[in-house]
Structures are given as structure tokens and as C-alpha cells.
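Same order as they appear, the protein sequences are chains A and B. Position 43 of the first sequence, counted from 1, bears residue number 43 in the numbering used here, the numbering being contiguous throughout. Position in the second sequence counted from 1, then plus 1000, gives you the numbering used here.
Bear in mind the hints are in silico, worked out from the structure with no lab data behind them. All of these numbers come straight from a predicted model, not from anything done at the bench. One or more of the hints may lead you astray.
Stated by the list, open to error - Examples of chain A residues lying across from chain B (beta carbon under 10 Å, computed):
no., residue
1, Asp-16
2, Ala-78
3, Gly-79
4, Phe-110
5, Leu-111
6, Cys-112
7, Val-163
8, Arg-166
9, Ala-246
10, Ile-247
No residue lacks a Cβ here, since even glycine has one placed at the ideal position from N, Cα and C.
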Amino acid sequence: MKFGVVVFPGSNCDYDTFHALQNVMGLETVFLWHKDHDLQGVDCVVLPGGFSYGDYLRSGAIARFSPIMTEVKKFAAAGGLVLGICNGFQILLEAGLLPGAMLRNKNLKFLCQHVYIRVENSRTAFSQAARKGQVLQIPIAHFDGNYYASPELLSELERNGQVVFRYCDEKGKLSEEANVNGSINSIAGLINRQGNVLGMMPHPERASEKILGSQDGKIIFQSMINYLEKKVGPGRKKAVRTTRPAISPLPPLIGTF
Amino acid sequence: MIDDKTLLDHNLTREEYQLIVKHLGREPNLTELGIFSVMWSEHCGYKSSRVHLKKFPTRGKFLIQGPGENAGVMDIGDDLALVFKIESHNHPSYLEPYQGAATGVGGILRDIFTMGARPVAVLDSLRFGPLDDPKNRAIMDGVVSGISGYGNSFGVPTVGGEVYFHECYSLNPLVNVCCIGLARKDKLFLARAQGVGNAVIYVGAKTGRDGIHGATMASAEFGEETEHKRPNVQVGDPFKEKLLLEACLEAMAKDLIVGIQDMGAAGLTCSTTEMAAKAGTGMEINLDLVPQREAGMNPYEIMLSESQERMLIVAEPGKVEALQKIFSKWDLDAVVIGKVTADGQLKAYFRNELVIDIPVKAVVDLCPAYRRPARMPAFINKVARWRQPEMPSDLNQVFLQLVASPNIADKEWVFRQYDHMVQVNTMVLPGADAAVLRLKGLKKGLAMTLDGNSLYTFLNPRRGGQIAVAEACRNLACAGATPIGVTNCLNFGNPEKPEIMWQFQQAVEGIAEACRQFDIPVTGGNVSFYNETEGRPIYPTPVLGIVGLVDDTARVPSAGFQGAGETIILLGENKEELGGSEYLRLIFSEEKGQPPALNFALEKRVQECCRLAIQAGLVRTAHDLSEGGLAVALAECSFRSPKKIGFEVRLNEALRTDALLFGESQSRIIITAKQKDVRKILALARKMKVKARVIGRTGGRRLVIWHKKKKVVDQPLELAYRAWKKAIPDYFRVKKI
Chain A
1 MKFGVVVFPG
11 SNCDYDTFHA
21 LQNVMGLETV
31 FLWHKDHDLQ
41 GVDCVVLPGG
51 FSYGDYLRSG
61 AIARFSPIMT
71 EVKKFAAAGG
81 LVLGICNGFQ
91 ILLEAGLLPG
101 AMLRNKNLKF
111 LCQHVYIRVE
121 NSRTAFSQAA
131 RKGQVLQIPI
141 AHFDGNYYAS
151 PELLSELERN
161 GQVVFRYCDE
171 KGKLSEEANV
181 NGSINSIAGL
191 INRQGNVLGM
201 MPHPERASEK
211 ILGSQDGKII
221 FQSMINYLEK
231 KVGPGRKKAV
241 RTTRPAISPL
251 PPLIGTF
Chain B
1001 MIDDKTLLDH
1011 NLTREEYQLI
1021 VKHLGREPNL
1031 TELGIFSVMW
1041 SEHCGYKSSR
1051 VHLKKFPTRG
1061 KFLIQGPGEN
1071 AGVMDIGDDL
1081 ALVFKIESHN
1091 HPSYLEPYQG
1101 AATGVGGILR
1111 DIFTMGARPV
1121 AVLDSLRFGP
1131 LDDPKNRAIM
1141 DGVVSGISGY
1151 GNSFGVPTVG
1161 GEVYFHECYS
1171 LNPLVNVCCI
1181 GLARKDKLFL
1191 ARAQGVGNAV
1201 IYVGAKTGRD
1211 GIHGATMASA
1221 EFGEETEHKR
1231 PNVQVGDPFK
1241 EKLLLEACLE
1251 AMAKDLIVGI
1261 QDMGAAGLTC
1271 STTEMAAKAG
1281 TGMEINLDLV
1291 PQREAGMNPY
1301 EIMLSESQER
1311 MLIVAEPGKV
1321 EALQKIFSKW
1331 DLDAVVIGKV
1341 TADGQLKAYF
1351 RNELVIDIPV
1361 KAVVDLCPAY
1371 RRPARMPAFI
1381 NKVARWRQPE
1391 MPSDLNQVFL
1401 QLVASPNIAD
1411 KEWVFRQYDH
1421 MVQVNTMVLP
1431 GADAAVLRLK
1441 GLKKGLAMTL
1451 DGNSLYTFLN
1461 PRRGGQIAVA
1471 EACRNLACAG
1481 ATPIGVTNCL
1491 NFGNPEKPEI
1501 MWQFQQAVEG
1511 IAEACRQFDI
1521 PVTGGNVSFY
1531 NETEGRPIYP
1541 TPVLGIVGLV
1551 DDTARVPSAG
1561 FQGAGETIIL
1571 LGENKEELGG
1581 SEYLRLIFSE
1591 EKGQPPALNF
1601 ALEKRVQECC
1611 RLAIQAGLVR
1621 TAHDLSEGGL
1631 AVALAECSFR
1641 SPKKIGFEVR
1651 LNEALRTDAL
1661 LFGESQSRII
1671 ITAKQKDVRK
1681 ILALARKMKV
1691 KARVIGRTGG
1701 RRLVIWHKKK
1711 KVVDQPLELA
1721 YRAWKKAIPD
1731 YFRVKKI
């Protein structure tokens, strides 16, 4: 089982995601350079957070034209697992892999804080390790996370169970206050109809270690591992662990392959 | 011939001009004059401060690189080096708050990664005028957005700092940004143009007309015509900077670089002359080859532009191609614009004509230094003679007013606009005494803090400087960290006024003494003079940035109460000291008296005691006492408690109750511990000759303080919390139409 983290110019959670997958979850993980057309045989593609191409024009609007995105689209169409976190979610929307659009946060400010999200659908490849209704504490950090969908689209998304996570309070209750960015129907995470592409604004890689204040993000990665184990087998988890280099306080050079 | 008006426009005196003529052996042309004017500006040349800055201790056991480079460097073991520096961007932030603050962040980030370090944290110290004035709100909103816009996009967490409000900053906000980077000890890079014949390479963004004479602007007072200076403020592009970071670090890792310097203040001028001067070489460049964003730029504009996100690299000719390949991978320009020469001259050609021919040593090393006259201001004695006001009858109400004072109130409105978690190292979220970062794969961690109290420095600049150092170290002690190095940003008025110079001199001496006492070297920093608008100076504001090491990140205490039923212990002694307190300022509108006394020996013992208790794993919560005194410190521990835990405290000192509650006596820390550990802590304190005693317990939903059997503070936690939480956001609430 192999995970790939795409590096766009301006991605800045690429190494954080790599660290969570490789060093915390113990998975074989590679970086995928945006100019390449090679997905290196990964079983899952993660589009990380950051400001791809500076998020100039519109968040995620330029990244969708990167060469690697042609491959990601093909991969997704063939049923490959794709997770978009924060800027990755925005790119998935711009690339048409997920429906809807992002607006500025309702208070017109960047927001970085821990939030609670409720698992609405626990039967997806990204949430099966959670219980339905379980409340997860995972931080957000974005300017444009105010999800919008037209009324027709919205009722379709709700009907199909495509809303996977909703912003809520500590106890799992929805409220205007808990819906910090103003997303329609408090939507924090959304899956495509086929169930293999998920976008979410909260950052699971920032909630994967006790020292960071929450480990709830691991539930999402664990769900993906469970799903892929059934699909492609347990993979080379053990072998990877022996060859893995010691964890360093300094990240490796990103985009050097 | 250079006339008086031209000199005035360049902020040079006739004497300085004659010195230039002497060094050149001829009259300079206008471009050369421009070069001298920026390099000899106060901002770049430190001409009024240099003689005093020599008083700082600059040696220490962890030191790798002291003052004189782009940033200071400390050895933190495990083959790692910590690179850090603070810079001011006050003047630009007043003119254009968003871009001024954003490029302040951009500039300090480049100072760090130009040395081979990856920026891992930013802290900023911000000072604004009172928020009831919409103009101040607009400046604060712009500054915070600018820091957020640049830092978040670049991908460096902004993990802490301070925000303070006072009338004296109304027309002169202070924006001081401190950056910390991490490097391999054997992969540090210096700004040296070594190796005659090596290529001089320009990398990064193209050069435009923005920011010309930014450094000169930062070296003069503002008057009514200030609005016209807005085009002097640069425009930042954090995306380009992020690419520049990755490309530079990659080129460094592959050993393709001999020397490197960022183009910050004074742009191409500063990087070419400084790199050559430090290596004892010269440089020959062709200005036609400099990538330009606009057509028709002349040599003067090219040399003095402060366009952002640019670097100058010196590399061996054989490695140029490999270097260019890396930069093109990151979609950046990397153009050979010249070569290193042996003659010690900076020579620049423009359209085949030699337009600059000056000795780099004269530009960099021979900037005049002034020992300006200093005189104690008349107000110093006046404010010191003062009678304590009568105590208000309802201190319970005063307590609520204090927690809602913007200087004490919650700053979440500010820091939640900053991405403080990116890079997944942030252990302690902003708002605590010190920010703490874990180092992946290691047991130890980094702690850092910014601190300054301009009211103390106004009343007594020497003691104000001392307390700033002591308090910053105390902040670190509360995280269990040992301070290892100092950077400072000295914000003052016009140094040509003897009163300002006296404040500066006193504060520097106070800081220097305190640094010696704590045995921590000053590794560099920044002096920002001319913080005056229309003749009114700011209060003298030294800001100290101190970094420390945490032995074991698992033992870092929390900034808020962790559980009910824990014992609250006070380390240190309560005294009757109200001078310079936030309480006096807020309740009586008095800025008088002497700041609290500081006894270094006692201070060090209290800090060491706290640190040892933490390292022994005995401490659950630790918080130092500063603005607002004991009552406010206790309240902050409740407010920051994730479970919202109250407290009940009993005090018996024979002091005025208001001094006991809100006085700002130094050398005090409150810690909490589980019952079983209390005896161990008290025994440790006895051994260290530190006064320590149990003053109460955590628990309940009220904040209660007794003084000699009388309840003097009793507030529902929720009410006080709301007052603290809402004070700042209420000023910025968007009114629904």
C-alpha cells in the first residue's frame, strides 16, 4: 500500500501530510511533483493544504491545470482513492472532481483554530473507522472554506449521503456559532457520488499526535488504510518500517526526486 | 555638483557628503550618492546607535554566530543550529498597513533562510493606538491581515508575540517581527562574495520601482506630507518567497553556493557591497542584465529598488548551470549579472557605460558613527515623585475592568488569523507566556518569547530594559526552558534629540546588564529610530526576543488550569509596588511612579526553581506575573483552562489590597501541582532560597480571592471570561445592515 502526496508550487502542508502518513501511520509515502505525469503506482493520492500558485486568481484555480492533475483525474475516474485537504479540497472543486464552490469565510478573515466535526456518513472509505455521529476535534486553517452549493445540488448531496463531515460543537450539536466559516448546511467534508474522492477543510495531519493536542485525524487515515487493505492487501507496511530513515526535525528537500 | 536640496532629499549632511568625496577622491554621481545615502542611513548604518550597541555581551557557550550577519545562530545540539533575528517594519506599516507588515514578515524570513535555515516560527510584537479611534482599528486590521496573508501563504507558523495599545502609538504603530529557523550546523551559509572570478547571480523576483529609498524613509520623522511616501512601501508576494526558499535550500544542500545575501533594505546596493566588503573582494556587475519588471529603469532605480523576494548568490562558474536548473524547476529567474573581482571596488555598467565605481569598504565599513549628546528629560523626575492614589472601594469591579483592558484581554482575534499550526510542531498555542515547538524525532524542544513594557521604559529606561530581559526569561522558565540567546528590536524616537538619546543609552545599558546577569549573548537585532510623527515620539520601546531550550517536551506545563482540586503555589514575594502598573494607567489614568524593583539574584533563583520543578515533572500549570499582577495572572489561568476551572485564593500580607491584587512586582510565578507533589515543590523552593507558599486551590466556577478574611474578588468565571474574551473583537464587530 503506497500513498502519494502531490507537491504544487505553494503547497505548504505537503511535508506535514507526508510526516503523518509515513512517520505516524507507518505507511510507504512518496511526493508527487506537479510537473510530472507519473503517479508512481500509488494506491492513494493526497492533495495537501497550502496556497498552490499563491491561490492567486482564486483558491485552487490554477493548480487544476498542473500536469499531474490530468493523471489524478484519470486515477479518480478509475476508482483510485483521492483525499483533498484544505487547499486540496479547493483544487478538487476547481478541477470538477467534487461539486460546489468555496466562498470567503463568513467573517472575512483567515481562521486557524481547533474545531469539532461530526461524522455524518461512516460507511465511506475515509470514515469507516469512525462511528456515525462521532465528534472529532481537528483544526482548520483557511480563508476560503465557506462551502456553497445551489439548492438543487445541496438536496442531491444530502440525499446521497455525500456530506461526510459537518462542523458542530463539542457535543455534536450544529449551530451558527459552531459553523465558523459559514458553510451551507455546516458542510466540512464532502465525497463524490462514486465514493472514492473526498475533500475536507479540516487538517487531519494536524491532529495525528498527542503532542499536538488531538489524535482524531488518525481516524481518517486509518479508515483509508482499512479500505485499501481490503482492496489491495496489507502491502509492505513492515518492510517499509525497517528501511525508514530516522525522523528528522528538518524536512527532506521537497520536490527533489 | 550636488546641491543642498539633493542632499536633503537623501538625508545626508554636508559633512557626510564631504566624507564621501574624500573616500571617492572625486564628486559622486547621483547614483553613487544614492548608494551612500541608503548605506549610511540610520537604518542600514546604525550611525547613532553603533557606539552603544557595543555594550551588549556577544559571547556565550551556545553561540555560533553573533552580530554582523543576517541573523544570529545558536548551537542546540544534535548537529542542529537555531537561526533567529528580529526586525522592525514600523514606518511602512503606518503608511500602508497590509503591505508594510507583509513585507516585514517577508524580509525577516529571507534573513533566516539566506543563512541556510528553514523558518520554523514567527512571533510578532505589535503596538497600536487605542482601539476607540477608527484609524487605529484600520491600522491594526491591516497589519494583522498583512502578517497573516504573508506568513500563512509562505507556510511558517506565527506562534506568538504581543499586542499592546497606547496613545503614543496612534500615529506610529510598531510592527516588530521575529523569525526562528532551523539548520544543519554544518550547512550554514554566510553573506560573503569569496573567490575572485566567481559568478554573481541574481535570483528571484524581477526588479521594479517599488520601495526606492525605503531605508532612508525609515530614517526620518514623519510629517504631514507623509501620505506621499506610500509608493516607497514595497509589495510582497509570499508565493514567490516560498519558491525562493525551496530553491535556495535545494541549491545549498547540493553545495552549489559560495555566499548568499537577501536583497532587503537598500536592495541590490546592500547585497553587492556588503558581500564584497565582508570577503575583502570587489564586484563587477552589468545592470542591463538585472531582470526588470518595468521598462526604462535607470541605474539609480535599479540599484535602490527594494522590490521583494530577491537574493544575490555567489557561485563557482562551473556550478552555475546546475544552480540555474534548480531555479528553473521552481519557475524562478537566476541570471548571472557579474563576477567577483579583486580590486575592492563595486563597478556597475549600464548600456556599456561605467556608472558606478566606488570602494565597497567605504560604503559598508566607513559609515560615520556618532556619539550624539544625551540629556535626561525633565519629566523623569516629575513622574517619579508621586503619591499613591486612594484605593477604590470596589476592587471586584476594578478586577473586571482590568481583564477587559485591551492590553490584558484575549488576543485570539489576532492570532486566529495566523496559521499557527502549519509544520505540525506547535505544542503551545499562542497566548501563553512562551511558544513551544517540538523537534520531530527528538525529546527536546524550542521555546521563544517576545517581551517589552514601554511604560516601564518611559518611567525608567534602564530598569525598563532590565525588566524586559528578566520577564522574557521568566516566560521561558514557565515553559521549563533555559534561555540561550537574545535578539532585540529597539524602537525609539529621533536620536538627534538629546532626551531620546538618553533614553536609548539607558535602555541599552539596562538590557546589556540583564543579559550579562542571565549569561545570554545578544546575537543581533535591529534599531528603529525616528519613531515620531509631527514631533511626538513614541515611548521608548525595546522589544526582547529570547530563545530557549526545553529538555523534555513531555513535561511542558499548560498555560491554563488542567484540573480541579490542584494546589496553587506562588513563587516569589508580593510587594507594595503600584508604579507603572496597568492598574494605575487604566483606573486612574496615571503613568507615574517607578517601575517595580528588580533583584537579579532573586529573579534567577525564582526562574531556576520553576524550571527545576517543571523538569522534575511536578508542575501542571505555570504562569508568570506581569501586567495586571496576581489577580490577572490567576484569572488568565482560568480563562485558558480548556475545562474552564475557577479558583479560590487566600492572601494575608499586610499590604494595600490593590497593590496585592494588581501590583506588578517582579520575580513571581504561579504554578499548580497535584497535592502529592506540593511538599516536593516547597522543599525544592526552600533549598533554592525562594519564597514559596500555597495560596489556594483550583476548582469551581468562580474566581475568588480573599484578603485577610475579606472576599475582595468574587466573580462568576463565565462573566469574567466573556469580558476578557470579547474586549478586542467587540471593537471590530461587523454591524449588520
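Broken hints, numbered, in rising order? 2, 3, 7, 8
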